[in-house]
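J.: Read top to bottom, the protein sequences are chains X and B. If you're matching positions, the first sequence starts at 9 in my numbering and goes up one per residue. If you're matching positions, the second sequence starts at 4 in my numbering and goes up one per residue.
If you are wondering where the hints come from, they were derived from the structure by calculation, not from laboratory data. Glycine included, every Cβ here is placed at the ideal spot set by N, Cα and C. One thing to keep in mind: the hints can contain errors.
Among the chain X residues that face chain B by a calculated CB cut under 10 Å, a handful are [stated by the list, open to error]: (1) Ile21; (2) Val89; (3) Gly90; (4) Leu113; (5) Gln180; (6) Ala181.
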Amino acid sequence: MSRVLVVDDEPQILRALQTGLRGAGYEVDTAATGGEALTAAAVRPPDAVILDLVLPDMRGTEVCRELRTWSTVPVIVLSVVGDEDEKVAALDAGADDYVTKPFGLDELLARLRAALRRAEPSAEPVLEIGELRIDLEAHTVTFDGRSVQLTPHEYSLLTLLARNEGKLLTHQAILRDVWGKAYADESHYLHVYVSQLRRKLEPDPARPRYILTEPGAGYRLVDPLRTS
Amino acid sequence: MRARADLLVGLPAAAGSVALVTMAIAVLKPHVPVLSLPVLYELAIIPVAVLWGVTLATVVSVASMLAFNWFFLPPTHTFQLSDAENWLALAVFLVTAVAVSVLATQARHRAQLAAERGLEAEAVRRSDTMKTAVLHAVSHDLRSPLTAIVAAASGLGNPDLHLPEADRDELVATIRTEAERLDRVVGNLLDLSRLRSGVAEPHQELWTADDLVSRALDELGPQHERVVTELDGDAPPVHVDAAQIERALVNLLDNALKFSPPSSPVRIRLESRGTELLVHVEDDGPGVAPADREAVFEAFQRGDGTARGAGLGLAIARGFAEVNGARVWAENGGGGHFVLALPT
Chain X
9 MSRVLVVDDE
19 PQILRALQTG
29 LRGAGYEVDT
39 AATGGEALTA
49 AAVRPPDAVI
59 LDLVLPDMRG
69 TEVCRELRTW
79 STVPVIVLSV
89 VGDEDEKVAA
99 LDAGADDYVT
109 KPFGLDELLA
119 RLRAALRRAE
129 PSAEPVLEIG
139 ELRIDLEAHT
149 VTFDGRSVQL
159 TPHEYSLLTL
169 LARNEGKLLT
179 HQAILRDVWG
189 KAYADESHYL
199 HVYVSQLRRK
209 LEPDPARPRY
219 ILTEPGAGYR
229 LVDPLRTS
Chain B
4 MRARADLLVG
14 LPAAAGSVAL
24 VTMAIAVLKP
34 HVPVLSLPVL
44 YELAIIPVAV
54 LWGVTLATVV
64 SVASMLAFNW
74 FFLPPTHTFQ
84 LSDAENWLAL
94 AVFLVTAVAV
104 SVLATQARHR
114 AQLAAERGLE
124 AEAVRRSDTM
134 KTAVLHAVSH
144 DLRSPLTAIV
154 AAASGLGNPD
164 LHLPEADRDE
174 LVATIRTEAE
184 RLDRVVGNLL
194 DLSRLRSGVA
204 EPHQELWTAD
214 DLVSRALDEL
224 GPQHERVVTE
234 LDGDAPPVHV
244 DAAQIERALV
254 NLLDNALKFS
264 PPSSPVRIRL
274 ESRGTELLVH
284 VEDDGPGVAP
294 ADREAVFEAF
304 QRGDGTARGA
314 GLGLAIARGF
324 AEVNGARVWA
334 ENGGGGHFVL
344 ALPT
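Start from the sequences and build out the full structure, keeping to the hints where you can.
T.: What follows is the structure, encoded as structure tokens:
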């Protein structure tokens with residue numbers, strides 16, 4: 009059974025999530041402050057953390073950064089509309105995903121399942137996501153059986169997104185990983201490469217089903233057969 | 004007042020500048036054709052027009068024309084003119100001078116308008132910042148209960164979840180209490196706008212404090228179980244609007260419940276002092292820092308220094324207290340301690 013640590017200072021939200029997550033088969037720990045959350049995560053390491061961005065003693069982003077110095081546990085942040093900057097800051101500080109308040113339990117459960125699945129280490133040399141197949145050893149990509157020719161940068165971008173299937177990657181994180189630190193602010197590079205990738209992969213590049221844009225935050229690669 | 008003070012400075016300044024230009028013309032006269040010189044009077048007229056307006060500038064124009072005629076046009080030291088050409092020159096000069104004054108005054112007016120617009124734009128920007136802060140705070144207070152409601156309702160509606168009876172009951176209870184909380188937030192916003200626009204006219208009657216407190220507890224919902232009351236049957240009746248004082252009390256209690264540990268009690272007790280009946284509301288929370296003791300009563304402020312919501316409750320409690328001739332303040336003490344003093 010996976011254990012989830014839920015961090016929110018609103019007791020009612022905490023109670024509703026605790027009851028709902030327990031009903032979905034998770035073991036639930038709760039914390040009302042950033043300090044309590046860090047202690048709880050150290051004493052009883054959870055399999056995933058659900059973290060409100062606004063806490064009485066510190067920002068959720070700081071909790072995330074602190075947590076990342078010693079733990080790789082998946083973190084899903086709870087944000088609100090109008091707090092986009094804080095949300096992106098949290099993702100850059102190492103959060104894996106976010107849901108926007110108010111959210112349905114189903115949405116949270118789906119994000120949680122995806123985060124836990126990614127946390128499972130996979131030694132598979134082949135990534136298969138829907139009709140997309142990447143052979144990491146042979147460096148080849150096929151889509152629906154047909155071979156796709158990619159430039160080295162396109163290939164790194166695609167494998168980065170595919171290795172983090174379902175996870176939202178921020179512009180900065182992608183640029184740093186694929187192009188290097190010096191390019192971290194060159195978002196237009198990324199937009200150009202993403203649209204090239206879509207043209208080569210997506211059946212209808214204008215209505216992408218694999219590489220999805222999260223406005224103002226980043227990109228995520230999803231399996232359209234699994235999410236629909 | 005301002006216009007007269009302006010004129011006290013303006014008149015001598017205007018006279019002085021006309022005299023100065025006249026002297027300058029006297030110096031230049033041997034060297035240049037005399038009819039080209041009146042234009043120098045514009046040096047006196049334009050500053051006067053800009054600083055004191057078109058009326059004084061017109062006076063200066065006429066004075067300049069007369070001075071030029073008197074000192075330089077034959078026959079000199081009379082206002083008569085021997086030459087028709089000179090008449091024309093003076094007329095042209097006067098018209099030009101007045102036109103220039105009008106233009107100069109308009110230029111000043113436009114510059115002022117532009118400056119005022121700049122100030123207005125600044126004020127609009129400031130009020131936009133304030134509105135953003137208010138919206139942020141209000142959105143937190145509305146979204147927190149909404150989040151609990153949506154999460155609980157979608158949990159109940161999910162057939163894949165295994166929810167024992169007790170958990171279902173708990174989710175249903177959450178939806179109810181959070182809906183009531185949402186209703187209180189909306190009520191607070193309406194109350195605040197009523198207080199701000201001055202339409203919160205109190206209908207004062209004699210009430211016992213016991214009555215007011217029990218109505219407030221009723222309003223509080225399930226949380227009222229944490230409130231320990233110490234009432235006094237001999238307390239004098241108070242002269243207030245029951246509905247408004249009930250809101251003030253509910254907000255004080257709500258505040259105490261919110262900022263103290265969930266398992267600790269909130270105490271409410273009465274004390275008769277002079278012409279007032281004091282209602283003490285005490286909790287085991289961190290209390291209010293001395294520096295914040297007034298600030299907590301301002302809308303969109305919170306004692307803990309974080310931007311976690313509007314914190315409208317105390318502002319409304321004070322607003323309703325004041326329209327009823329009552330007072331409310333934060334006391335020193337170990338935990339949170341607020342006092343509502345009602346007129347007897």
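J.: Evaluate each hint against the coordinates.
T.: Taking the hints in turn, this is what the structure says about them:
1. Checking Ile21/X against chain B by beta carbon gives a least distance of about 5 Å; that is within 10 Å, so the hint holds.
2. Because the closest C-beta pair between Val89/X and chain B is about 8 Å apart, less than 10 Å, the hint holds.
3. Because the beta carbon of Gly90/X sits about 7 Å from the nearest beta carbon in chain B, less than 10 Å, this interface hint is met.
4. At a threshold of 10 Å, the smallest CB-CB gap from Leu113/X to chain B is about 4 Å, leaving the interface hint in force.
5. Of the supplied interface hints, the one on Gln180/X is violated, with its beta-carbon coming no nearer than about 25 Å to a beta-carbon of chain B, more than 10 Å.
6. Residue-level restraint check for Ala181/X is violated (minimum Cβ-Cβ distance to chain B is 27 Å; threshold 10 Å).
Hints 5 and 6 from the earlier list are contradicted by this structure; the remaining hints agree with it.
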